[in-house]
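Participant: Using the sequences provided together with the hints, build the complete structure.
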Amino acid sequence: DSGVTQTPKHLITATGQRVTLRCSPRSGDLSVYWYQQSLDQGLQFLIHYYNGEERAKGNILERFSAQQFPDLHSELNLSSLELGDSALYFCASSPPGQLNTEAFFGQGTRLTVV
Amino acid sequence: AQKVTQAQTEISVVEKEDVTLDCVYETRDTTYYLFWYKQPPSGELVFLIRRNSFDEQNEISGRYSWNFQKSTSSFNFTITASQVVDSAVYFCALSDPFYGQNFVFGPGTRLSVLP
Chain A
1 DSGVTQTPKH LITATGQRVT LRCSPRSGDL SVYWYQQSLD QGLQFLIHYY NGEERAKGNI
61 LERFSAQQFP DLHSELNLSS LELGDSALYF CASSPPGQLN TEAFFGQGTR LTVV
Chain B
1001 AQKVTQAQTE ISVVEKEDVT LDCVYETRDT TYYLFWYKQP PSGELVFLIR RNSFDEQNEI
1061 SGRYSWNFQK STSSFNFTIT ASQVVDSAVY FCALSDPFYG QNFVFGPGTR LSVLP
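Residue numbers (the working numbering), protein chains in the order written: chain A, 1 to 114; chain B, 1001 to 1115.
Since the hints were derived computationally from the structure, they do not count as laboratory data.
Check before you lean on any hint, since a few could be wrong.
[Claimed, not checked] Pairs of lysine to aspartate or glutamate, EDC-like flavour, derived with a Cα cap of 20 Å:
| id | chain 1 | residue 1 | chain 2 | residue 2 |
| --- | --- | --- | --- | --- |
| 1 | B | 1016 | B | 1086 |
| 2 | B | 1038 | B | 1015 |
| 3 | B | 1070 | B | 1026 |
| 4 | A | 9 | B | 1044 |
| 5 | B | 1003 | A | 40 |
| 6 | B | 1070 | B | 1096 |
| 7 | B | 1003 | B | 1026 |
| 8 | A | 57 | B | 1096 |
| 9 | B | 1038 | A | 1 |
| 10 | B | 1038 | B | 1086 |
| 11 | A | 57 | A | 75 |
| 12 | B | 1070 | B | 1029 |
[Unchecked claim] Sample of chain B residues lacking proximity to chain A, with all beta carbon distances greater than 12 Å (derived):
| id | residue |
| --- | --- |
| 13 | 1014 |
| 14 | 1015 |
| 15 | 1016 |
| 16 | 1019 |
| 17 | 1056 |
| 18 | 1057 |
| 19 | 1064 |
| 20 | 1070 |
| 21 | 1073 |
| 22 | 1079 |
| 23 | 1084 |
| 24 | 1087 |
| 25 | 1112 |
| 26 | 1113 |
Please read these numbers as outputs of a predicted model, since none were measured by experiment.
Using N, Cα and C, we set each Cβ at its ideal position, and we do this for glycine too.
Facilitator: Spelled out as structure tokens, the structure:
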């Protein structure tokens, strides 16, 4: 168990809908990262938050947004969903003040858009 | 731009065979970090090793060993005496030295260890 909690584990929704994925980082970790794993794109970095502030953006679509709350949990919002958004979404966290240590990944949320 | 290549899409071996997973990376940074992660059938990503660009010593951890060669931009992973439980997808990743764990992952190598 990595200590990173993601909910829900599975989500099935229709095209055009909006969903929210939730992530609780390990206790004490200030950074939260979101990744998308799909068959065609592989594992891609989406966005990084540190202590409530956005630090870096990767290949995140404009239809997607994220935030990190004062209690450090994070939410990834996906809107106007398309079939191609079906993927496994991972959240990861890392300790404060330590760049380039390993990131600890949650179990992922499997999103299926039908 | 950073890039990680894992040329082997799938490998099958019989239990107790040794197997090497290849990883080749591209970066213009002089300081960088390389990682290997394992994704078993259950789906989670499990950290295996981290190596920085200044440390070219090979590392051994039990049945696992890693060979980092800066001259060829490679960071290969060998499993000795493979076991069925080693069956998983293995990812090599490169991190940005300034943005921490914003990993660039390779496409992964699916390893099947047959009994």
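Participant: Check each numbered hint against the structure and report the violated ones by number, ascending.
Facilitator: none
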